[in-house]
Amino acid sequence: MTKPIKILMLEDTQEDVYLIERELKQGGIIFTSTVVATGEGFKQLLYEMKPDVILADHSLPQFNSIEALKIHQQYELEIKIAVPFILVTGSVSEEFAAQCIKSGADDYILKDRLKRLPAAICNALDKAGIEGERLRFLDEIISNEAMMRQAEQLAHFGSWQVDFLTGRHKWSDETYRIFGYEPGDLQVTYETFLNHIHPADRQSLKKAIDETILHGDSYPCEFRIIDKTGKVKHILSNLQVKRNRERVAIQLSGFNLDITEQKRQTEAIAFQNEQLVDIAWIQSHEVRAPLARLMGLVNILEGNKDHEKYCKEFWKPLLESAHELDSIIRKIVRKTEAVGGTEPSHE
Amino acid sequence: MNSLRVIIIDDDPITVWLHQLFVKQSELSTDPLVFLNGLEALHHLDSLDHLNSRSLLLLDLNMPNMNGWEILEALNMRSYAGQVFAIIISSSIDTKDHKKAKTYKQVIGYLEKPIKVNELRNVMLPDVQA
Chain A
1 MTKPIKILML EDTQEDVYLI ERELKQGGII FTSTVVATGE GFKQLLYEMK
51 PDVILADHSL PQFNSIEALK IHQQYELEIK IAVPFILVTG SVSEEFAAQC
101 IKSGADDYIL KDRLKRLPAA ICNALDKAGI EGERLRFLDE IISNEAMMRQ
151 AEQLAHFGSW QVDFLTGRHK WSDETYRIFG YEPGDLQVTY ETFLNHIHPA
201 DRQSLKKAID ETILHGDSYP CEFRIIDKTG KVKHILSNLQ VKRNRERVAI
251 QLSGFNLDIT EQKRQTEAIA FQNEQLVDIA WIQSHEVRAP LARLMGLVNI
301 LEGNKDHEKY CKEFWKPLLE SAHELDSIIR KIVRKTEAVG GTEPSHE
Chain B
1 MNSLRVIIID DDPITVWLHQ LFVKQSELST DPLVFLNGLE ALHHLDSLDH
51 LNSRSLLLLD LNMPNMNGWE ILEALNMRSY AGQVFAIIIS SSIDTKDHKK
101 AKTYKQVIGY LEKPIKVNEL RNVMLPDVQA
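Protein chains in written order, with the numbering used here: chain A, 1 to 347; chain B, 1 to 130.
Think of the hints as simulated: they come from the structure by calculation, not from any bench. Some hints here could point you the wrong way.
Said to hold, decoys possible - Straight-line alpha carbon distances no greater than 30 Å define the calculated BS3-like cross-link-like pairs of lysine-lysine that follow: (1) K312/A to K263/A; (2) K116/B to K312/A; (3) K50/A to K115/A; (4) K331/A to K100/B; (5) K312/A to K24/B; (6) K116/B to K305/A; (7) K24/B to K309/A.
Can you make the complete structure from the sequences, with help from the hints?
Here it is as structure tokens:
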């Protein structure tokens with residue numbers, strides 16, 4: 001058995017309530033109904049009972065259907081569900097009826113033609129189901145898009161698209177930021193993009209893009225850009241071509257990932273490695289030279305009985321070797337300190 | 001015939017002085033030749049008559065201008081290459097240098113500085129081929 005339809009009736013005449021309910025029963029509608037006659041009560045019940053359908057008389061002593069429609073619209077926006085609003089009223093002018101539909105009413109029924117009411121309710125409920133879907137779908141798209149925007153911003157990851165049929169270029173918010181603009185700052189073109197490419201990379205990238213559009217499907221690449229403020233950035237990118245059935249390119253899209261920071265870190269590490277290799281070389285070659293000399297000299301002293309004679313001859317080379325060893329060790333210390341620093345400093 | 005000529009090649013005067021002392025003490029030669037520069041040593045070798053004598057180089061590796069490896073490379077091209085032998089005497093304890101030294105046919109030994117007199121006494125040149 002289907003669940004009864006919850007009906008909220010805005011009506012001040014008990015007799016009309018009776019007539020409407022009788023008509024619904026005859027039309028085979030299974031329902032529960034709640035009647036309210038004031039604006040306050042209408043608003044409260046709307047949020048409490050969450051009706052499936054609203055049937056409203058046009059004019060009540062202190063309230064009217066235009067006011068009710070405003071409350072109803074606000075309610076729909078808040079709960080993101082469409083609730084049909086059907087005007088059930090005595091004779092009104094055509095203009096007024098049109099005005100009500102414009103204000104968001106789904107249908108209107110004259111009280112002397114209540115026979116149409118059951119069908120109108122069924123119709124409106126069907127329509128509301130579709131409308132509800134649309135509202136939820138839209139809501140989902142909006143929240144997905146918000147997530148995507150946030151992800152792009154966090155990862156310095158911008159996407160873009162070129163439609164060859166319309167010639168329109170579209171940049172995501174983060175793509176604008178990577179190029180140094182605020183989102184939507186300017187209407188972008190292919191020239192905008194090319195003008196920001198580092199002159200040393202421009203020709204080769206342009207050629208590669210042309211090649212990809214003509215013959216390729218996708219093209220991963222790395223290039224430098226100069227953003228609006230003159231800052232050079234390293235970009236990792238991938239182009240993708242969409243083709244129609246005749247294999248003609250209709251769309252080019254891609255992403256730009258700002259890898260400037262990673263690049264800087266990699267370079268700093270490469271510099272450190274270079275320094276470490278240097279230090280290792282110095283240790284195995286340069287440090288050993290004066291040390292070996294010192295050891296050689298001492299060896300001779302040790303093996304010789306004629307100390308007096310040799311000591312005079314040896315003190316100078318011994319001292320020289322010691323000083324040389326000292327200066328090499330100082331050089332290593334300086335290099336090691338440079339490795340600790342973040343920026344490569346060239347002597 | 002077949003006298004042995006000992007040539008010390010090292011850019012460091014103190015080391016050269018030490019090695020001269022050792023060569024004499026080891027009786028390898030009473031009068032070793034000395035070069036502080038690889039290129040000069042090579043020029044001198046070029047000017048010698050190698051028919052009835054052999055040369056033994058006590059060769060340092062790490063030298064400015066022309067280092068020990070470059071001297072060995074150059075020797076390889078010479079017509080008298082078979083009459084010249086070399087003992088590498090280096091302060092390097094890098095095993096890569098040891099391995100590399102073995103790839104040169106002139107190299108008959110590898111000594112790490114500081115060397116000892118005994119190490120020079122034990123030097124054996126390959127037999128002269130008939």
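Outcome of the hint check:
A hinted pair counts as satisfied when its Cα atoms are at most 30 Å apart, and K312/A with K263/A does not qualify at roughly 59 Å. Of the pairs offered as hints, the one joining K116/B and K312/A holds, with about 22 Å between alpha carbons and a cut-off of 30 Å not exceeded. With a C-alpha separation of about 26 Å, the suggested pair K50/A and K115/A falls inside the 30 Å cut-off, and the hint holds. For the hint pairing K331/A with K100/B, the CA-to-CA distance comes to about 28 Å; that is within 30 Å, so the pair holds.
Between the alpha carbons of K312/A and K24/B the distance comes to roughly 21 Å, so the proposed pair stays at or under 30 Å and holds. Among the hinted pairs, K116/B with K305/A is consistent with the structure: their alpha-carbon atoms are about 17 Å apart, no more than 30 Å. A hinted pair counts as satisfied when its Cα atoms are at most 30 Å apart, and K24/B with K309/A qualifies at roughly 18 Å.
The structure fails hint 1 only (numbered hints given earlier).
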